[in-house]
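Asks: Here the protein sequences come in this chain order: A and B. Residue 5 is where the first sequence starts when you use the numbering used here, and the numbers rise one by one after that. Residue 7 is where the second sequence starts when you use the numbering used here, and the numbers rise one by one after that.
For the record, the hints were derived by calculation from the structure and aren't laboratory data. Treat the hints with caution; some may be incorrect.
Claimed, not checked - Covered by chain B, per the in silico footprint, the following chain A stretches (three or more residues, Cβ under 8 Å): (1) 17 to 23; (2) 125 to 132; (3) 231 to 240.
Stated by the list, open to error - Derived DMTMM-like pairs (lysine to aspartate or glutamate); straight-line CA-CA distance at most 25 Å: (4) Lys135(A) to Asp53(B); (5) Lys162(A) to Asp53(B); (6) Lys162(A) to Asp139(A); (7) Lys260(B) to Asp139(A); (8) Lys135(A) to Glu145(A); (9) Lys135(A) to Asp163(A).
From the three backbone atoms N, C-alpha and C, an ideal C-beta is built for every residue, glycine too.
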Amino acid sequence: MASRADDADFRTKLQEWIPKLVLSPSVALMLVFVYGFILYTIYLSFTGSKMLPKYDLIGIDNYVRLWGLSAWWTAVSNLAVFATLYITICTAIGLTLAILLDQKIRGEGMLRPIYLYPMALSFIVTGTAWKWFLDPGIGLEHTMHLWGWESFEFGWIKDRNMAIYTIVIAAVWQTSGFVMAMFLAGLRGIDNEILKAAQIDGASNWSLYRRIVIPLLRPAFLSAFVILAHLAVKSYDLVIALTGGGPGRATELPATFMYSYTFTRNQMGTGAASAVIMLMTIAAIMMPYLYSELKEKK
Amino acid sequence: MSGATQSTAVSTGRITRTLIYLVLLLFALFYLLPFFVMVVNSLKPLDEITGGNMMSLPQTWTIQPWLQAWSSAQIGVEPTGLRPYFLNSLLMVVPAVAISTGLGAINGYVLTKWRFRGDNIIFGLLLFSCFIPFQIVLIPMATILGKLGIAGSIPGLVLVHVVYGVGFTTLYYRNYYAAFPTELVRAAMIDGAGFFRIFWRILLPVSGPITVVSVIWQFTNVWNDFLFGASFGGQSQPMTVALNNLVSSSTGVKEYNVHFAGAILAALPTLLVYIVAGRYFVRGLMAGSVKG
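Isolated chain A (complex conformation) (with noise of 0.2 Å):
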């Protein structure tokens, strides 16, 4: 009779365990392609590795001369510049779209899809276009010079100081659409009652969506935010097919700088250096949007 008790036993561990066994796979990916994989680019970061991994440390030396690097000061300027633009036209084409589209607008079938359709694309399709759409040899300057209007000038992206916009530009053409199908899930969960009640009290349109509205829309700017900041540290495929850094280095960015010195530089150290400050970046904006989300779901 013990065996039996044995049995039914081993079956109840093994029923405790097969969801962890389950899970392990995963885990051990993550652990080891994730973490292990920072960690290792972390220590990287601290050593003198050229064109191959190294593992003498010397220190902080590779952060001392990254910052150092005029070229790494361009790309993180032109971050600054294109995360600050990319979020704010972003957020405002997307919010306004989508409160235009939740006033009862025949036709919403219609638009929602034509207004989300470019996130289907990769960014080497959009860089594709625009690149094209944008060159004053062929593009929309050619095209309004032969419509007539002869002083017509658009050329950002061969001007140094101007490409950075082109990026902004595409990157919005990609991605507005996506947020203002947040802001109008967001619109739509608003309990109606309460405007019915505000518009009751004869608040007027405008301070109803100021007042009231927008306020209530709070999680989804903080979504559209994460969302949005986390894809511009990581834009690369879209500078590499729209300018491919240029004119000169005019719109590199972190993660094409972090590229080029590791793979064709052969500054293994330094690029390690920059790929964790690009990591820290994203974690300061990821990890109070984590925590909070993990803790509310308690």
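On the provided structure of chain A, position chain B as indicated by the hints.
Replies: Here is chain B on its own, set in the frame of chain A:
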């Protein structure tokens, strides 16, 4: 997002409404224009592009650029067209999506219905892994793929996409299963159903909507990825990398019409998925992530 939910519309006058429609239509134009220009110009002979107006319809319609982009355009050093790269992308995307979605579903199930000490920490770690800048893993990944002998191959790319996709799929399924009544799972347990039977018989049958979200998300991300493809593609480069090689090659005459045809070919699978199932995607995504 459907007709069932009410809008927050306010009453507005006729002039305001006209203005609203005008703004909405202008934005529709903004979103459509670049793609329209690509389609129109991919159907023109080259001399009509360099000499003519990008907005005008072709005078001579031709599908030659499409054929060229597909099967004979110069990609890198070989005149293969995009066809082999399209196949690479397909061979990569199908297993990567299937494996990461499967893992995500079972992870979500464990993390909501078989909770244990520390499960929240694991979930937090998974969640953060969704947002890391991939530059932080590029160097060790290159080394490891080489050691495993799958550098520059389709299995290597599949592994990479599974690893960095499973966080998102787990997030989707976890949020979805969290709303599923745990009492039903308890009842089944009391009836003697085991871990896998409960998953197959009770949770999977109701997982349709979130599976659509997970599959579309992963399909779009994996198909559109450029960074991993360019870093680890080697002999098996995906479509996005090939397209970039085609468009940015500096040798010979720039055949814009072929570039556009190629770009649309690269966009076609995700656009199709989006057109067929996009509405379910947005609906599921909003239910899962924003309201959480």
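Asks: It remains to establish, for every hint, whether it holds in the given structure.
Replies: Going down the list of hints, with the structure as the test:
1. 17 to 23: Per the Cβ count (3), the hint holds.
2. 125 to 132: holds (count 7)
3. 231 to 240: holds (count 4)
4. Lys135(A) to Asp53(B): At roughly 19 Å apart (the allowed maximum being 25 Å), Asp53(B) and Lys135(A) satisfy the hint.
5. Lys162(A) to Asp53(B): holds (23 Å)
6. Lys162(A) to Asp139(A): Holds - the C-alpha atoms of Asp139(A) and Lys162(A) are around 8 Å apart, at most 25 Å.
7. Lys260(B) to Asp139(A): Roughly 13 Å separates the two Cα atoms, so the pair holds.
8. Lys135(A) to Glu145(A): It holds: about 13 Å lies between the C-alpha atoms, which stays within 25 Å.
9. Lys135(A) to Asp163(A): holds (13 Å)
In terms of the numbered hints stated before, the structure departs from none.
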